[in-house]
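Student: Sequence:
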Amino acid sequence: MTKVSKRENVWDYPRPAICEPFKGALTVKHDGLILARTTHAYRTLETSHPPTYYFPPQDVNMDILKENDHQTFCEWKGIASYFDLQINGKVIMRGAWTYQQPSSTFSAIKDHVSFYASKVDACFVNEEQVIAQAGDFYGGWITSNIEGPFKGAPGTSSW
79 MTKVSKRENV
89 WDYPRPAICE
99 PFKGALTVKH
109 DGLILARTTH
119 AYRTLETSHP
129 PTYYFPPQDV
139 NMDILKENDH
149 QTFCEWKGIA
159 SYFDLQINGK
169 VIMRGAWTYQ
179 QPSSTFSAIK
189 DHVSFYASKV
199 DACFVNEEQV
209 IAQAGDFYGG
219 WITSNIEGPF
229 KGAPGTSSW
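For any residue, its number in my numbering is found by taking its place in the sequence shown, counting from 1, and adding 78.
Hint data in this document are derived by calculation from the structure and do not stem from the laboratory. Ideal Cβ positions, reconstructed from N, Cα and C, are used throughout, including at glycine. One or more of the hints may lead you astray.
The following label-pair restraints were derived from C-beta to C-beta distances [said to hold, decoys possible]:
| no. | residue 1 | residue 2 | range |
| --- | --- | --- | --- |
| 1 | Glu98 | Lys168 | 16 to 24 angstroms |
| 2 | Lys107 | Gly213 | 29 to 37 angstroms |
| 3 | Asp109 | Thr183 | 13 to 21 angstroms |
Straight line, CA to CA, 30 angstroms or less: simulated DSS-like cross-link-like pairs of lysine-lysine [what the hints assert, rightly or not]:
| no. | residue 1 | residue 2 |
| --- | --- | --- |
| 4 | Lys144 | Lys101 |
| 5 | Lys188 | Lys168 |
| 6 | Lys168 | Lys84 |
| 7 | Lys188 | Lys144 |
| 8 | Lys188 | Lys101 |
| 9 | Lys144 | Lys168 |
| 10 | Lys197 | Lys84 |
| 11 | Lys107 | Lys188 |
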């Protein structure tokens, strides 16, 4: 039985966003493989978004990550670089991302890797399978203790 963490409402998360160590276990699986597993992650929190988790590179199967040319800009973290995932002869476009030169507030996640839960078979927080944040822009992971509503779904871009 998975231990449920304390309830968190995303509308109580701060703005501007913050980064904090995550005390727990995270796992990403796809096509029968463990892509990443750690107990040394960070999570970022921002008003209206479920947490986004960042894995240290030593806890990620870096052989499956192929950097592509896509980049996005976050007003808090800086420029994100994206990876395609190459797994068992298949490619998942833009399945993960990293910040190679994050802002000073987010320096702890430099070169850490985050995964879109919607693009892999399963992501887990303390053995609980997560639900992907709608829209695939933010990449948040929703667990049973996280309350919304969440930004990302159609019609929420103006929130």
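Student: Holds or violated: Lys168 with Lys84, Cα cutoff 30 angstroms?
Tutor: 38 angstroms, violated
Student: Regarding the pair Lys197 and Lys84, is the alpha-carbon distance no greater than 30 angstroms?
Tutor: 27 angstroms, holds
Student: For Lys188 and Lys144, compute the direct alpha-carbon distance and say whether it is at most 30 angstroms.
Tutor: Holds, at roughly 17 angstroms.
Student: Just to be careful, I want the Cα atoms of Lys188 and Lys101 compared with a cutoff of 30 angstroms; is the pair within it?
Tutor: 18 angstroms, holds
Student: Within 30 angstroms, alpha carbon to alpha carbon, are Lys188 and Lys168?
Tutor: Given that 30 angstroms is the threshold and the Cα spacing comes to 28 angstroms, the pair holds.
Student: Is the Cα-Cα distance between Lys144 and Lys168 30 angstroms or less?
Tutor: 12 angstroms, holds
Student: Looking only at beta-carbon atoms, does the pair Lys107, Gly213 fall within the given range of 29 to 37 angstroms?
Tutor: Violated, at about 22 angstroms.
Student: Okay, Glu98 versus Lys168 on CB: inside 16 to 24 angstroms?
Tutor: 34 angstroms, violated
Student: Assess, step by step, whether the Cα of Lys144 is no farther than 30 angstroms from the Cα of Lys101, and give holds or violated.
Tutor: The given pair, whose Cα atoms are some 28 angstroms apart, holds under the 30 angstroms limit.
Student: Go ahead and decide if the range 13 to 21 angstroms is satisfied by the Cβ distance of Asp109 to Thr183.
Tutor: This hint is violated: roughly 36 angstroms between Cβ atoms.
Student: Taking only the CA atoms, is the gap from Lys107 to Lys188 under or equal to 30 angstroms?
Tutor: 23 angstroms, holds
Hints 1, 2, 3 and 6 from the earlier list are contradicted by this structure; the remaining hints agree with it.
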